[in-house]
Amino acid sequence: RKEVEQDPGPFNVPEGATVAFNCTYSNSASQSFFWYRQDCRKEPKLLMSVYSSGNEDGRFTAQLNRASQYISLLIRDSKLSDSATYLCVVLKAAGNKLTFGGGTRVLVKP
Amino acid sequence: GAGVSQTPSNKVTEKGKYVELRCDPISGHTALYWYRQSLGQGPEFLIYFQGTGAADDSGLPNDRFFAVRPEGSVSTLKIQRTERGDSAVYLCASSLGAYNEQFFGPGTRLTVL
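Those protein sequences? They're chains A and B, same order as listed.
Going letter by letter, the first sequence gives residues 55 to 164 in the numbering used here.
Going letter by letter, the second sequence gives residues 1175 to 1287 in the numbering used here.
Among the hints, a few may not be true.
Stated by the list, open to error - Partner residues are not named here, just some residues of chain A that face chain B (Cβ under 7 Å, in silico):
| # | residue |
| --- | --- |
| 1 | P98 |
| 2 | L100 |
| 3 | G157 |
Hints in this document: simulated from the structure, not taken from any laboratory.
Keep in mind it's a predicted model, so treat the numbers as computed, not measured.
Each residue gets a CB set at the ideal place from its N, CA and C atoms; glycine is no exception.
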C-alpha cells in the first residue's frame, strides 16, 4: 500500500463550479501536510500548507483529519487556470523528505 | 531572483551508459534534495544533502545511483550502467534549511533507450 494515496481523476469541472478531493496517508507519524500544484511537464509548486484547524487561501480550502488520516482540498469558483495535477504531500516527524501522492488531475472546462 | 536550475533539460542515452545530472540550488540554500518522477506518478525521494554531506540517502534505488555536493552548493546525480527503468524526470529541490519550503527545479528528463 502506498504511503499517500489519491484518486488520480481526472475531475472534469465546469468553470465556476466547486470541486473537492481527498488524499489518505498511512503513516500516523506524519507531521506536516501540504498541497502542491503541478502543471503539465512543469515542476511541482507549493500551493498551501494544511493545518489541523483547517485553512483557507482565497478560493482554496484545505482540511486535515488526523483521526481518519486524510487531507482534503476544495476549490471554489473554479477557473480555467486551475487545471493542473494536485499533489498531496506529507512530511514525517523524523527527517524532512517529502512523500508525495500520485496526484489528482483536475480539468476545468468552459 | 534565480530559482533552482537543472542541466541538461533532456538527456537521451543508451542502456549501459553513464550519465550525470546537475543541479544548481537557490543561492544560500543549505538543503538540497533529489527526487525522481515517473510518468503518471508523484515524485519519489532519492537523497537529501545538508551542506556537503548526504543526510539521508535512503531513497537511492541501488548502488548504480550516487550523488555528490562537494562544496555545499551545486550537486551532481550520477547513474552508472543505466537501465530502461531509470527513464524518468529527475527533480532537484532546495530549501533555506531543513524543514523550510522546498523549491523545485524544472527537472531533467532522462530517457534510456
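Item to complete: Determine which of the earlier numbered hints do not hold for this structure and return their numbers in increasing order.
Response: none
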